[in-house]
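There are 2 protein chains.
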Amino acid sequence: MQKPLLQIALDTYDLPSALGPLQKAAAQIDVIEVGTILCLSEGMHAVRAIKSLFPDKIVLADVRIAEAGSIISKMCFDANADWVSVVSGAAPSSFEVVLAEAQARGGDMQIELSDGWTWDMAQKWADMGVQQVIFKRSRDLEAQGTLTWGEKDFDTIRRLHEMGFKVTVTGGVKPKDIPLFAGVPVYIFIAGRAIRGADDPLAAATEFQTIMADTWA
Amino acid sequence: MQKPLLQIALDTYDLPSALGPLQKAAAQIDVIEVGTILCLSEGMHAVRAIKSLFPDKIVLADVRIAEAGSIISKMCFDANADWVSVVSGAAPSSFEVVLAEAQARGGDMQIELSDGWTWDMAQKWADMGVQQVIFKRSRDLEAQGTLTWGEKDFDTIRRLHEMGFKVTVTGGVKPKDIPLFAGVPVYIFIAGRAIRGADDPLAAATEFQTIMADTWA
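Protein chains in written order, with this note's numbering: chain H, 1 to 217; chain E, 1 to 217.
Wrong hints could be hidden among the right ones.
As the list claims (entries may be wrong) - The calculated DSS-like cross-link candidates involving lysine-lysine, where the alpha carbons are at most 25 Å apart (straight line), are:
1. E:K24 x E:K51
2. E:K57 x E:K152
3. E:K174 x H:K136
4. H:K51 x H:K176
5. E:K136 x H:K74
6. H:K152 x H:K124
For the record, the hints were derived by calculation from the structure and aren't laboratory data.
As the structure is a computational prediction, the values presented were derived from the model and not from experiment.
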């Protein structure tokens, strides 16, 4: 089983606040997520600047498309994003138009599994050729501390993987959580504040990579 | 029954493209919507610039919050938005945190009724003190031409009004559609391309206002 990739989530209120920690941690980062908050605060300028600074990294514009998928995904790829995100509750036609746009641009689409997604929906996405889903704990629930990672989560990830999806895992993941996922087919772990907010972002990212390498050895 | 307000939806790829038509039509506009697409392309700079140019108009940051409601709504109000939007499929806790933030800032929250909303959900929002909902035809469905305004829509709007909501109506509304809504308690009509894309945006906005005045006379 392949070692997961490490994605840094940049959810700052402005671009400069994101660039500092990103620059420090970049050597250990595989995927750079321009988070919803940063997309909304700085617009596509943030995506364009970050891809320009880090052309060899995968850059995700985490715009969480709910509708107007064609226009929004075009805008993201025009700003040189590699991947864009769509919420699972989006208008059904959105998945096809965004996936088609992504494929035409050599990029990819991730579907974020929000409350209310079903296995029937997931099967339709798989049939449609969708490659990636994001399995998450919501920030609000996470803030309430009501959820922890457990077998139920791992079973869900395994089943999604068996359906053919590459699964990104997000929601306050910390280095100490990583070994819990041993044997679970995770494609990407997302870390936000755990890296961006660290005194030493490079050390924090390195710790993630080291623990992932040990866990998936 | 009160004459509805007129809201211009600005869904351009950049701020200058929005400002030209807006400046021309402004005298006839009640609410300025900084659309999702413009928020994503230019960020909160667009909201800040538009409120600065039109301080006496209501400015809606149509960010369609799905989660992280506290952070995103703060960001919008910091950029001087009067109203923010939340999607009906948002994490349940989002409505309360955004509404609280809006009330603390003298603003308001609109819930956009996306596919999958239920009357049970609407009742919970009413009980929570939510004042405004957006009843829409989706851009994708609209593009397919599969929906027209009819009694089913009007009944929904009436029932939402009876529950205490002020109802915004959107989805390719044209002046010729307005008389169909006679006797229907619409709080706001949204027009996007019908005004922004018109050769004479002021004349287009004036036509909306005139037909609304006639219909609600």
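Quick rundown of the hints versus the structure:
1. E:K24 x E:K51: holds, 16 Å
2. E:K57 x E:K152: Distance ~32 Å between K57 (chain E) and K152 (chain E) Cα, so the pair is violated.
3. E:K174 x H:K136: violated, 40 Å
4. H:K51 x H:K176: violated, 30 Å
5. E:K136 x H:K74: Given pair K136 (chain E), K74 (chain H) holds - Cα atoms ~23 Å apart, limit 25 Å.
6. H:K152 x H:K124: Roughly 22 Å separates the two Cα atoms, so the pair holds.
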